[in-house]
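One-letter residues, chain by chain:
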Amino acid sequence: MPLAAAHLIRIMAITMLDDFLIRAALAGIGLALATGPLGSFVVWRRMAYFGDATSHAAILGVALALALHLPIGVGTLIVALAMAGTVSTLAAKGWAMDTTLGVLAHSALAFGLVAISYVPSVRADLSSYLFGDILAVSRADLAFIWGGAGLVLALLIWRWQRLLTATLSEDLAHASGINPSVERLALTIALALVVAVALKIVGALLIAAMLIIPAAAARALSRTPESMATIAAFLGAQACLGGLALSLWQDTPAGPSIITVAAIIFAASAIFGRAAQR
Amino acid sequence: MSLISAQHISVSFGAASVLSDVTLSIEQGEIVTLIGPNGSGKSTLLRALLGIVPLASGQVQRAPDLRLGYVPQKLAIDRAMPITVRRFLSLPQTVPDKEARAALARVGLGAMEGAQMAQLSGGQMQRAMLARALLTDPQILVLDEPTQGLDQQGEAAFYRLIEELRLETGAAVLMVSHDLHVVMAASDRVICLNGHICCQGAPQVVLSAPEYRALFGLGTQGALALYQHAHDHVHDGGPAPAGPVSAGPVSSGPIKDAFGRSPSDPHYGHNHA
Numbered sequence: 003m004p005l006a007a008a009h010l011i012r013i014m015a016i017t018m019l020d021d022f023l024i025r026a027a028l029a030g031i032g033l034a035l036a037t038g039p040l041g042s043f044v045v046w047r048r049m050a051y052f053g054d055a056t057s058h059a060a061i062l063g064v065a066l067a068l069a070l071h072l073p074i075g076v077g078t079l080i081v082a083l084a085m086a087g088t089v090s091t092l093a094a095k096g097w098a099m100d101t102t103l104g105v106l107a108h109s110a111l112a113f114g115l116v117a118i119s120y121v122p123s124v125r126a127d128l129s130s131y132l133f134g135d136i137l138a139v140s141r142a143d144l145a146f147i148w149g150g151a152g153l154v155l156a157l158l159i160w161r162w163q164r165l166l167t168a169t170l171s172e173d174l175a176h177a178s179g180i181n182p183s184v185e186r187l188a189l190t191i192a193l194a195l196v197v198a199v200a201l202k203i204v205g206a207l208l209i210a211a212m213l214i215i216p217a218a219a220a221r222a223l224s225r226t227p228e229s230m231a232t233i234a235a236f237l238g239a240q241a242c243l244g245g246l247a248l249s250l251w252q253d254t255p256a257g258p259s260i261i262t263v264a265a266i267i268f269a270a271s272a273i274f275g276r277a278a279q280r
Numbered sequence: 065m066s067l068i069s070a071q072h073i074s075v076s077f078g079a080a081s082v083l084s085d086v087t088l089s090i091e092q093g094e095i096v097t098l099i100g101p102n103g104s105g106k107s108t109l110l111r112a113l114l115g116i117v118p119l120a121s122g123q124v125q126r127a128p129d130l131r132l133g134y135v136p137q138k139l140a141i142d143r144a145m146p147i148t149v150r151r152f153l154s155l156p157q158t159v160p161d162k163e164a165r166a167a168l169a170r171v172g173l174g175a176m177e178g179a180q181m182a183q184l185s186g187g188q189m190q191r192a193m194l195a196r197a198l199l200t201d202p203q204i205l206v207l208d209e210p211t212q213g214l215d216q217q218g219e220a221a222f223y224r225l226i227e228e229l230r231l232e233t234g235a236a237v238l239m240v241s242h243d244l245h246v247v248m249a250a251s252d253r254v255i256c257l258n259g260h261i262c263c264q265g266a267p268q269v270v271l272s273a274p275e276y277r278a279l280f281g282l283g284t285q286g287a288l289a290l291y292q293h294a295h296d297h298v299h300d301g302g303p304a305p306a307g308p309v310s311a312g313p314v315s316s317g318p319i320k321d322a323f324g325r326s327p328s329d330p331h332y333g334h335n336h337a
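Chains A and B are the protein sequences, given in the same order.
Quick note, in our numbering, the first sequence goes up one by one and the last residue is 280.
Quick note, in our numbering, the second sequence goes up one by one and the last residue is 337.
Please keep in mind that the hints were generated in silico from the structure rather than gathered at the bench.
Treat the hints with care, since some could be wrong.
Said to hold, decoys possible - Computed far set for chain A versus chain B, every beta-carbon distance over 10 Å:
1) I74
2) V76
3) R141
4) A156
5) P227
6) A265
As the list claims (entries may be wrong) - Covered stretches of chain A, going by a simulated chain B footprint (3 or more residues, C-beta under 8 Å):
7) 164-172
8) 176-190
Ideal placement from N, C-alpha and C gives every residue a C-beta, glycine not left out.
Please work from the sequences and hints to get the whole structure.
Pasting the structure below:
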C-alpha cells in the first residue's frame, strides 16, 4: 500500500504533523511489529479461533479493571492470560477445540458486555473497546503499546528456532530436546500481551483480524518463515497507515478502516501471489 | 555403555496397555529393526525411547549427551507455512551452507535446496528429514517406517542408503519396519514386537521363530506356531543366557520342544535383566 502511505505522508505534511496523528501512526506500527510474527504463528498453528477467544476476553478484562480500579491494560492482560491459559489447558486435555473455542470466545464476549453494562460511565464509550480508538492514543498509551510489542517481539526472537521446530512437528522438537509445551506457553503469553496492546488500537473484536489477515496476505509472497513474519509486519504497518488515511478522508472509524485496508491487501496478495505461482 | 537402553518399560494410552515390560538396549554401530503388525506398539516404543510418550512404568536411559537423529513416520507440513528444504535443515540448530549442501547431496537431494518442503514427494521428504538428522552428526539414527509410501525400488534404495551411512558414520540405526523381508539384508538384529517383545535375534533366526510366524502368518507351521504364541510369556529370574529364540530361562513348555537350538546360536534371545 505505498499509495495510501504516500497519501498519509501528504496529509501529515498538510496538517503540520498533528501530534495525535503521529501518535496513532506510531501505535499502529508498533502493534504491527508484534502481530506480524505472532500472527504468522497463529496461521501456521491454526490458532485463529484461539486468538478470537483471547481477544474477546479482553472486554471482560476492561470490566474487571474498571471494577477494581486497575489500569485497563493490566485488567485486560490478566483476563487474556487466564483465557489463553484455560484454552491451552483444555487443548492439552484433548477437548474438541473447535467447539470449546467457539463456546469460550462467544461466552467471554457476552460476559464482558454484560459485566461492563454495570459501569454506566463506560456504556457510552463501549464502542472504543470493541473497535479501538487509535486516534485517542496518549503518550502513556504509546509507551505501553511499544513496551508490550517490544516484549512480544523479544520473546519470539529469543525462542524463534525452538518455536519453529515445535510448530513444524512436536515429535521432531522432542527428539531435539525441545519441550513443545514450553513453546506453547511462550506463544500463549505473547498472545495475551498482544491482546492487551491491541485493545486500544483495533478493539477486542478486531484483534484477531490484525493477527491473521496480514500474515495470511504475507503467505503468498514468502518462501521462508522469516520472510513471512517480516512481510506480515510490513503489511500490517501499511494497513494501519492506510486505515488511518482512509479514516481521515472518509471520517470512518479508524479500527475497522485498518482491517478494511488489511483485507484489501490480502485480496491483492491472494490474486497476484497466486498468479505469480502459476 | 549402550546408546539407549530401556528397562521393563510399559506404556498405556488411557486404560489400554500398548507396551508391557519391554527391555532392550541399542549398542554402538548396530542396525536394529523393530517389526510387528499394525497396533503392535512399534512407533510407540520408538517414541517412548525418545521421551515423546510418558512411561507407565520402567525407565529409559540414554548415553550422556547422546546425539540422536530422528526421522519420524511422516511430517505433515501445513501449506500455510512457507519453508524451503535448506531452511528446514537449520532447525533447530543453524548449519553452515556447505554442510547443508553436502548432506543434501549425500541423500540424493542435491538439486532441491530451494524447494518448498510442502511440495516434496513422500520419498523426497524422507530424504530431507534424513539429511537433517545426519547434520547433527548422530551416534544413533532413529527411523520410524522410513519407507512408507515408497515403491519397492525406492524402498530398496533407501535401505541401501541407510546401510552405507552406517558404514560411513558408524552411527547405530534403530528403525521400524512392517516387513522383515525388505530389511533383512540391512539389519544386524531384529526385534519382533506385539505389545511385548515376542522374539529377537539375527534376521534369519527371527524369520524362523514360531512367534514371528504366528504374527505374520508365514510358513507351514501356522497352526502350531499360533498355539505356541498364545502362551503367556512368563519371564523372571536373572539375565538370560543365550537360549531359545523366544523363551527366557523360565518358560512354558512347547517352545523348547519345538525348537531345539543350541545355546551357541548367534541370536540374542530375550534378555530380561
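Status of each hint after checking the structure:
| no. | hint | result |
| --- | --- | --- |
| 1 | I74 | holds, 33 Å |
| 2 | V76 | holds, 34 Å |
| 3 | R141 | holds, 38 Å |
| 4 | A156 | holds, 19 Å |
| 5 | P227 | violated, 6 Å |
| 6 | A265 | holds, 18 Å |
| 7 | 164-172 | holds (count 7) |
| 8 | 176-190 | holds (count 4) |
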